[in-house]
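Chemist: Dock chains B, C, D, E and F against chain A, hints included.
Below, each chain spelled out in residue letters.
There are 6 protein chains.
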Amino acid sequence: MTTELETGLPSIRQIQTLTRDGTEVELKLSTNDLLTGKIRWQDQYCLCIIDHYDQPTIVWRQAIVYLKPKA
Amino acid sequence: MTTELETGLPSIRQIQTLTRDGTEVELKLSTNDLLTGKIRWQDQYCLCIIDHYDQPTIVWRQAIVYLKPKA
Amino acid sequence: MTTELETGLPSIRQIQTLTRDGTEVELKLSTNDLLTGKIRWQDQYCLCIIDHYDQPTIVWRQAIVYLKPKA
Amino acid sequence: MTTELETGLPSIRQIQTLTRDGTEVELKLSTNDLLTGKIRWQDQYCLCIIDHYDQPTIVWRQAIVYLKPKA
Amino acid sequence: MTTELETGLPSIRQIQTLTRDGTEVELKLSTNDLLTGKIRWQDQYCLCIIDHYDQPTIVWRQAIVYLKPKA
Amino acid sequence: MTTELETGLPSIRQIQTLTRDGTEVELKLSTNDLLTGKIRWQDQYCLCIIDHYDQPTIVWRQAIVYLKPKA
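Chains as they are written, first to last, in my numbering: chain A, 20 to 90; chain B, 20 to 90; chain C, 20 to 90; chain D, 20 to 90; chain E, 20 to 90; chain F, 20 to 90.
Only chain A is shown next, with the shape it has when bound in the complex:
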């Protein structure tokens, strides 16, 4: 019994696109940390970011301040 992601929302869809395209993103967190990597998956609570060494980091949505494609 799993709540579905609201895939009609622009924010969810853009993260889906960034995931599918393997776009490198910057993620600013509430602690002021800035993570860089590719998004592997998202669910209601978290996003998973893969860094250059292919290491995963599970980031809680509640701690995300902003996300943008790396320039």
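Among the clues, some could well be false.
To be verified - Anything over 10 Å on all C-beta distances counts as not near chain A; from chain B, calculated: (1) G27; (2) L28; (3) I31; (4) R32; (5) Q33; (6) I34; (7) Q35; (8) T36; (9) L37; (10) T42; (11) E43; (12) V44; (13) K87; (14) K89.
Stated by the list, open to error - Sample of chain C residues with no beta-carbon within 10 Å of chain D, all distances over it, derived: (15) R39; (16) E43; (17) L54; (18) T55; (19) K57; (20) W60.
Said to hold, decoys possible - Derived Cβ-Cβ restraints for the label pairs, each shown as a range: (21) T36(A) <-> D40(B): 20 to 28 Å; (22) Q35(A) <-> A90(D): 52 to 60 Å; (23) Q35(A) <-> L53(B): 26 to 34 Å.
Simulated from the structure, these hints should not be mistaken for laboratory data. All of these numbers come straight from a predicted model, not from anything done at the bench. By construction, the Cβ of each residue, glycine as well, lies at the ideal position given by its N, Cα and C atoms.
Modeler: For chains B, C, D, E and F alone, kept in the frame of chain A given last:
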């Protein structure tokens, strides 16, 4: 199945107006960052801000402290 | 379809009174910012504060720490 | 149509007792501010604190870290 | 009409055990404060900690980062 | 009457896998603390981390910024 934005609320409507008019806004974030740009869209979780180089930043509402038209 | 403000609650009513009376208030925010101005409107998510130059600032409730009439 | 405070909960009841007894309390806030005063009322979203000059401050629950009777 | 604590959850049960056993705990808070004491009660919103002078502090769950038995 | 963990979600499942495998993880918290240890259990509100001395720490999910397997 998407929850609708409550477009009857002043805060949602004013952001709609600022988006449509392409007004430049300042967005103060919980990390003390101050973003400047135009609002491209809003949904329940996020606002998308476009900077002077036309780069998008997806900002989580949970991290927004205040928003005002740039003076 | 808009959720109504719970106007039976003291906090909502006192903000209504401060708004109607045009009382100058201080708003302490989670970033430690202190905003001063008059309240123009409130909804479920935000308060709008007007400063001395008649400029509006939309403040998210989630970021409000306290509010008091300016001494 | 107002949601009732859950007066069966210890936290709500103890704040009711402190309010009725006019006990002076210390309120530690997420910004590290420490407010001192008597509680005038509580609702679901806020507590109202009265300081020594009889000035009210409306404090959002979301910003409260702890509360204790002043030693 | 009071929402019950979900006593089937490990986190609720372990706090019940620590309360019953009078175990001294450390509570790290979002402001970086570290409280030490025994847990007197918990409800949905708060935990009550008693310090060495038998003074109670009502701590909001929203501000708790972690809790551990004092070493 | 206990709300079930949504075990269909990637974030819940990956934490289940890390728990079962006894993988050492790093947990970054909103206070900027970095905890290291093995996950003993998770529920809706908390994760329990066991350190090298076999001491448990109950961490509130609300305070988690990110989690990753220790490199």
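Chemist: Now look at each hint and say whether the structure bears it out.
Modeler: Structure-based check of all given hints:
1. G27: Correct as stated: the minimum Cβ-Cβ distance to chain A is 19 Å, above 10 Å.
2. L28: Nearest chain A Cβ is 17 Å from L28(B), so the label holds.
3. I31: Given that every Cβ of chain A is farther than 10 Å from that of I31(B), nearest at about 14 Å, it holds.
4. R32: holds, 18 Å
5. Q33: Label holds. Min Cβ-Cβ 19 Å, cutoff 10 Å.
6. I34: holds, 13 Å
7. Q35: holds, 14 Å
8. T36: holds, 18 Å
9. L37: Consistent with the label, L37(B) stays out of reach of chain A, its closest Cβ about 16 Å off (over 10 Å).
10. T42: holds, 19 Å
11. E43: Correct as stated: the minimum Cβ-Cβ distance to chain A is 17 Å, above 10 Å.
12. V44: About 14 Å separates V44(B) from the closest Cβ of chain A, which puts it past 10 Å; holds.
13. K87: Answer for K87(B): holds, closest chain A Cβ roughly 18 Å.
14. K89: At roughly 18 Å from the nearest Cβ of chain A, K89(B) sits farther out than 10 Å, so the non-interface label holds.
15. R39: holds, 16 Å
16. E43: Holds, because the least Cβ-Cβ distance between E43(C) and chain D comes to about 13 Å, which exceeds 10 Å.
17. L54: holds, 13 Å
18. T55: holds, 15 Å
19. K57: holds, 16 Å
20. W60: Non-interface label on W60(C) holds, nearest chain D Cβ at 17 Å vs cutoff 10 Å.
21. T36(A) <-> D40(B): 20 to 28 Å: holds, 27 Å
22. Q35(A) <-> A90(D): 52 to 60 Å: holds, 55 Å
23. Q35(A) <-> L53(B): 26 to 34 Å: Once the Cβ atoms are compared, 29 Å apart, the range 26 to 34 Å for L53(B) and Q35(A) holds.
Going down the numbered hints, you'll see the structure goes against none, and every one checks out.
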